[in-house]
Amino acid sequence: MNVVSRGVKNAVRSPLRSGAIVVMLAISIGLILSMLVARSSVEAKITEVKANAGTKITISPAGVNGFAGGGDYLTSTELATITGTTNITKTISTLSDRMATTDTNLESSLTMGSFGARQERFNSSSTATTSETAPTDSMFANDTETARPVPTPQVTVTGTTDVNSVSTDGTSLTISSGTTIDGTSSDLVALVGTDLATKNSLTVGSTFTAYGSTVTVAGIYKTGNTFQDSGLIMPLSTVQTLTSQTGSISSITATVNSSDNVSSTVTSLKTALSTKADIVSQAEQAATSVSSLTSISSLAMAGVIGATIAGAVIVLLAMIIVVRERRREIGVIKAIGGSNRKVMIQFMSEALTLTVIGAIIGLALGVAVSGPMTSSLVSSQTSSTSTIKTGSFGAGGPSGMMQRGMSQLSTNFTSITSSVTPTVFVAAIGITLIIAIVGSAVPAWFIARIRPAEVLRTE
Amino acid sequence: MLVVKNLTKTFTSAAGEVNALTNVNMTVNTGEFASIIGKSGSGKSTLLSMLGALDTPTSGSIEVDGVDIAKLSASKQTAYRAKKIGFVFQYYNLIPNLTALENVMLALEFGGMPSKKRKARAEQLLTDVGIEPDQQLRKPSRLSGGQQQRVSIARALANRPAIVLADEPTGNLDSETGKKIFDLLHKLSRSENTTILAVTHDMDIAGRTDRTFKLKDGQITV
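These protein sequences, in sequence, are chains F and D. Take 1 as the starting number for the first sequence in this note's numbering and just add one per residue. Take 1 as the starting number for the second sequence in this note's numbering and just add one per residue.
Next comes chain D alone, as it looks inside the complex (with noise of 0.2 Å):
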C-alpha cells in the first residue's frame, strides 16, 4: 500500500521559492491502477519523482508498505528503486547498445539477482510482454515504439516492484498501440497484483483505471 502524507515540495529558483506541490494526500491500495492527470506544470513528474526517490521532498512522508521512503539514505533509495520500484517512461528510457534481452537483464543486476537466473527470467518476462525470441535480441533502434515500450514494461516488471510508475506510457505512441500498451499494463496489474500509479493526460485512459487524482498547481483537486 502507498500512502502520501502531506507531501510538500519547494524548489529555489531565481525568482525565489516555488512550490511545485503542496500538502499531497493520496492513498493507493495493493494492485490498484491509479491515473494522475493534470495539466503541463501542475506538479505530475514532480510527484512521480518524488514515489519513485529519484528526488527527496521538502516535508512530508510518502510510506511504501509501511517504510517512509523520503527518509531513506541515498543509498538506502537506490536499493529501494532497484527492487520496489519499476519505471516506464514515456520515451522507453531503453540503454541504446543493449539488446531487449540486456536491458532487462540490466534491471535484473541492479535487483540482484545471480548472474546465472538473469537470462532465463528477463527471456520469460519479455515474452509474457509481446516481444518474440528474435526480437529480444535487437537493439533498441531496431525495434518499434510499441515494441520499446514493451521491453520498458519487461523491465519495470523485473524485479517485482511494489509500485510501477508510469510517465505518459503511451504519450509517444498513437492511439491504437497506446491502447494495447494500456491493456497490458492493466493486465499485469490483475496478474501479478502489482501497484500501477500512471501519469496522464489522455482522459480516455485516465477514465479507465481503479482510481483518478487530478493535480492542479500542485494539490490534489480530487
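Pulled out of the complex, with its shape left as it was, chain F reads as follows (with noise of 0.2 Å):
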C-alpha cells in the first residue's frame, strides 16, 4: 500500500460525505461540458453565418427595389467598378423584366389577386388613354368602371450571369427536368418555373416567343417558391439584348473574399458609386444574428467559468475540511517520519480521486444534457432577434438573392446542433484537473504548516 493509494482509500474514508462532494462536483463538471459544447457549437455557427452569408453585398440602382421604386438601372460602367475594387472575387449581375401579353406568347401561372390587380392600376395608368379607343371584350368593359385592360399578370423574367442566384434557400437552383443554362452566353434559351410551365404547356426543347425571338426551353426549375416558379430565367445578356437595355443591370450581388473586409468594402463601393447605387451587405443583416450568438458564447463561456470556480471551491472546501478533521492524523504521519511531500500527494490523492470520479459522472451527465441545453439557450435568445426575419424585403421583384440571405439567416438557430467533439472533452477534461489542482494547493498549503509537534497535546 502506498501513499496514492492510502489517498484514494481515504476519498472513500467516509462515504456520505464523498457522495455528497462527488454529486456537487458531477453537477459542477457536467454543466461546464454542457457549456462547452454549447460554446463550441455556436462559435462553428457563428464561423459559418460569417463565411456564408457575411461576404455577399448586394448593389442596387438607387431608388430601385424590386420593380418598385424608380431611377436608372446600373450599367457596365458601374459594374466594372464594382468587380475592380479591392477584395471582391466575383460579382453576379441581374437584369429583371416583366413580359405583358405583347411581348410574350405566354401566359402567366399567377392570379391577379387584390395586390396584383393594384399593381396593374398603376402600370397601366399611362396607357389609359389608348385603352380607351381600344376595342375590349364586351364583358368586361360592361363590368368595369374605367375603360382599362383586362388586367392579366405579367410573366417576371431574370436575366443572370448565374442561375443559381435565383434559388431561395441558398444552395444551387434545382432543375426538375432538362438542363441549366450558361447565364455569362447570349443564347436563346431559358429556364422555366415549373408553375409557368405547367400553365403554358411547356417541356424541354418547348419554344416560346418573347420580344419577338424564339426561345427554347432548356429546362424546368423548381424553388418551391410561388413567386419565382411562375418565372423565367435568361442569360443576362440574352435579356439585355431582347429588351434593348444592353448593359444595364438591375442588381449586383459582390461576393467579398473575407468576411472581415465585408464593411471597409461596402465603404469604398458607397464612395466610388456614390449616389448611383444603394448597396446592402449580407453581413449588416448577419452582425444582428451574429451578436445574439456572440452572448449566447459568452454567456456560455460565463458559465464554463462560474462551474470551474464552484467545482474548484466544492473540492477546495471539502479539503480544507478533511485536512482540517484529520490534523492529528497529518502530525502523526509527520511524527513518525512522513515527509510534508509524501502527506500532500497522499491528500492530492484523496483530491483527485473525488475529482475523477466527480468528472466521470459529470461528464456523462454533460453528454446527456448538452442537447437540450444548447437548444434552450438557443430558443431563449431567438426572440429577441426575430425582428430580422421580417425586415424590409416585402417588395416584389427577383430578390431571390436578398430571400436567399434572409432564409439562411432564419436557419441559423434552428440549425444549431450540439456535438460533442473531443476538443471540447479535452477541454473539459483539462478544466476538471484545474479544478483538483486548485482544489488541493490551498489544502496542501495547510498540510505543510501542520506540526507533528502537536500530536503530543492532550485531547
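Calculated from the structure, these hints are not laboratory results. The model shown is predicted, which means the values in this text are computed figures rather than measured ones. Built from N, CA and C at the ideal position, the CB exists for glycine as well. Be careful, since some hints might not be right.
[Unchecked claim] Pair by pair, the computed Cβ-Cβ distance ranges are: (1) V18(D) / V313(F): 38 to 46 Å; (2) S61(D) / A20(F): 47 to 55 Å; (3) E176(D) / I429(F): 56 to 64 Å; (4) D68(D) / R451(F): 17 to 25 Å; (5) V313(F) / K216(D): 46 to 54 Å; (6) L317(F) / T12(D): 43 to 51 Å; (7) T10(D) / F446(F): 22 to 30 Å; (8) P372(F) / K76(D): 55 to 63 Å.
[Stated by the list, open to error] Using 27 Å as the maximum straight-line C-alpha spacing, the simulated DSS-like pairs for lysine-lysine come out as follows: (9) K83(D) / K117(D); (10) K90(F) / K276(F); (11) K83(D) / K187(D); (12) K9(F) / K139(D); (13) K187(D) / K139(D); (14) K139(D) / K83(D); (15) K117(D) / K342(F); (16) K76(D) / K5(D); (17) K83(D) / K119(D); (18) K9(F) / K116(D); (19) K90(F) / K222(F); (20) K139(D) / K117(D); (21) K5(D) / K216(D); (22) K214(D) / K9(F); (23) K83(D) / K39(D); (24) K119(D) / K187(D); (25) K179(D) / K216(D); (26) K342(F) / K139(D); (27) K71(D) / K117(D); (28) K83(D) / K216(D); (29) K90(F) / K342(F); (30) K84(D) / K342(F); (31) K139(D) / K180(D); (32) K179(D) / K342(F); (33) K9(F) / K83(D); (34) K84(D) / K214(D); (35) K71(D) / K342(F); (36) K179(D) / K84(D); (37) K342(F) / K187(D); (38) K9(F) / K119(D); (39) K342(F) / K9(F); (40) K214(D) / K180(D).
Now that you have both chains on their own, put them together as the hints suggest.
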C-alpha cells in the first residue's frame, strides 16, 4: 500500500460526505461540459454565418427595389467599378423585366388577386388613353368602371450571369427536368419555372415567343417559391439584347474574399458609386444574427468559468474540512517520519479521486444534457432576434438573393446542433484537472503548516 | 547514547517570552530505560518534542550517537524521525482507517524498507508485542486500549530506532493493562537494546525504570 492508494482509500472513508461532494462536483463538471458544447456549437455557427452570408454585398440601382421605385439601371461602367474594387472576388449580375401579353405568347401562372390588380392600376395609368379607344372584350367593358385593358399578370424574366442566384434556399437551383443554362452566354434559351411551364404546357425543347424572338426551353426549375416558379430565367446578355437594354443591370451581388473585409468594401463601394447605387451587405443583417449568437457564446463561457470556480471551491472546501479534521493524523504521519511531500501527495490523490469520480459522472451527465441545454439557450435568445426575419424586403421582384440571405439567417438558430467533439471533451477534462489542482493546493499549504509536535498535545 | 547539553527552549507568547526549558543537561546510555517525571507545565512534552526532532530548540544541543539533531535541516529531521526515533503516545495515535498491520507497515514505508519485506516484518513485530494474527487485520477502533498501545509500540520499534520516546504510555490505560505495557517496554529495552525515554507522572512506574529525571519549571532537578 503506497501513498497514492492511501489517498484513494481515504476518499471513500466517509461515504456519505464523499458522495455529496461527488454529486456536487458532477453537477458542476456536467455544467462545464454542456456549456463548452453549447459554446463550441455556437462558435462554429458564427464562423459559418460569417463565412457564408457575411461575404455578399447586394448593389442595386439607387431608388430601385425589385420593380418598385425609380431611377436608372446600373450600367457596365458601374459593374467595372465594382469588379475592380479590392477584395471583391465574384459578381453576379441580374437584369429583371416583365413581359406583358404583347411581348410574349406565354400566359402567367399567377392570378391577379387584389395585390396584382393594384399593381396593374399603377402600371397602366399611362396607357389609359390608348386603351379607351381600343376595342375591348364586351363582357369586361360593361363590368369595369373605367375602360382599362383586361388586367393580366405579367411574366417575370430574370436575366442573370448565375442561375443559381435565383434559388431561394441558398443552394443550387433545382432543375426538375432538362439542363441548366450558362448565364454568361447570349443564347436564346431559358429555364422555365415549374408553375409557368405547367400553365403553358412547356416541356424541355419547347419554344415560346419573347420580345419577338423564339426562345427554347432548356430546363424546368422548381424553387417552391410561387413567385419564382412562375418566372423565366435567361442569360443576362440575352435579356439585355431582347429588351434593348444593353449593359443595363438591375442588381449585382458581389462576393467579398473575407467576412472581415465586408464593411471596408461596402465603404469603398459607397464612395466609388456614390449616388448611383444602393448597397446592402448581408453582413449587416448577419451581424444582428451573429451578435445574439455571440452573446450566447459569452453566456456559455461565463457558465464555464462559473461552474469551474464552483467546482474548485467545492473541492477546496471539502479538502480544507478533511485536512482540519485529520490534523492530528497528519501530525502523527509527520511524527513517525512521513515527509510533507508524501502527506501532500496523499491528500492530492484523495482530492483527485473525488474529482475523477465526479468527472466521470459529470461528463456522462454533460453529454446527456448538452443537447437540450444548447437548444434551450438558443431558443431563449431567438425571441429577441425574430425581428430580423421580417425585415423590409416585402417588395416584389427578383429578390432571390435577398431571400436566400434571409432564409439562411432564419435557419441560423434552428440549425445549431450540439455535438461533443474530442476537443471539447479534452477541454472539459483539462478544466477538471485545474479544479483538482486548485482544490488541493490550498489544503496542501495547510498540511505543510501542521507541526508534528501538535500530536503531543493531549486531547 | 543520548547527550543533551544546555538545552533551552523559549516560546514567544502574547504575555512575553516564556522559558519552557532552561539549560537542560542529561545523558542516557544506549539500552537504558529512563523516565522523566514532572508536573503539568513543567516542560516534559517540550523536552520530548525536542528529543524527537518534532521541534527545534532555541539553543543547546541534542546528540544522538554523535549527531546533533538540533542542527539538522527539516528534511533530515524527517528522516531522523523515520529511522532513529520511535514514538509511543498516550492516545496511541494510530491511523484510524488503516488496520493494525497497515499502521506498522506505514512506519516501515517511511523507514525506507522495500515494500515486499514490510508485511512479514510487521507481522513479526505485532506477534512480538502480543497481537494475534486475526487482530492484526482489525482497524484500531476494533481493538482495546491496551491492544492499540501494543500496536503503537510495534510501530515505534518498526525501524529499529535508537531511541523510543514514550509520552505517558500508560496514562490512558487501567493500572493492570498499564503495568503490562510497562513490562513490555521494559522487556524490549532489554531484548532489542533500545534506549527508552518515557514521560510519566506515575511514580510507581518511574520508580521501576533504570533512571529518573525530575523536571520542574523547565529545569532538571535531580
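Verification of the supplied hints:
no. : hint                          : verdict
1   : V18(D) / V313(F): 38 to 46 Å  : holds, 40 Å
2   : S61(D) / A20(F): 47 to 55 Å   : holds, 51 Å
3   : E176(D) / I429(F): 56 to 64 Å : holds, 59 Å
4   : D68(D) / R451(F): 17 to 25 Å  : holds, 21 Å
5   : V313(F) / K216(D): 46 to 54 Å : holds, 51 Å
6   : L317(F) / T12(D): 43 to 51 Å  : violated, 33 Å
7   : T10(D) / F446(F): 22 to 30 Å  : holds, 26 Å
8   : P372(F) / K76(D): 55 to 63 Å  : holds, 59 Å
9   : K83(D) / K117(D)              : holds, 16 Å
10  : K90(F) / K276(F)              : holds, 20 Å
11  : K83(D) / K187(D)              : holds, 21 Å
12  : K9(F) / K139(D)               : holds, 14 Å
13  : K187(D) / K139(D)             : holds, 26 Å
14  : K139(D) / K83(D)              : holds, 25 Å
15  : K117(D) / K342(F)             : holds, 20 Å
16  : K76(D) / K5(D)                : holds, 21 Å
17  : K83(D) / K119(D)              : holds, 18 Å
18  : K9(F) / K116(D)               : holds, 20 Å
19  : K90(F) / K222(F)              : holds, 25 Å
20  : K139(D) / K117(D)             : holds, 21 Å
21  : K5(D) / K216(D)               : holds, 17 Å
22  : K214(D) / K9(F)               : violated, 44 Å
23  : K83(D) / K39(D)               : violated, 31 Å
24  : K119(D) / K187(D)             : holds, 24 Å
25  : K179(D) / K216(D)             : holds, 26 Å
26  : K342(F) / K139(D)             : holds, 22 Å
27  : K71(D) / K117(D)              : violated, 33 Å
28  : K83(D) / K216(D)              : violated, 31 Å
29  : K90(F) / K342(F)              : violated, 67 Å
30  : K84(D) / K342(F)              : holds, 19 Å
31  : K139(D) / K180(D)             : holds, 22 Å
32  : K179(D) / K342(F)             : violated, 36 Å
33  : K9(F) / K83(D)                : holds, 26 Å
34  : K84(D) / K214(D)              : holds, 25 Å
35  : K71(D) / K342(F)              : holds, 23 Å
36  : K179(D) / K84(D)              : holds, 26 Å
37  : K342(F) / K187(D)             : violated, 34 Å
38  : K9(F) / K119(D)               : holds, 19 Å
39  : K342(F) / K9(F)               : holds, 15 Å
40  : K214(D) / K180(D)             : holds, 24 Å
Violated hints for the displayed structure, listed by number in ascending order: 6, 22, 23, 27, 28, 29, 32, 37.
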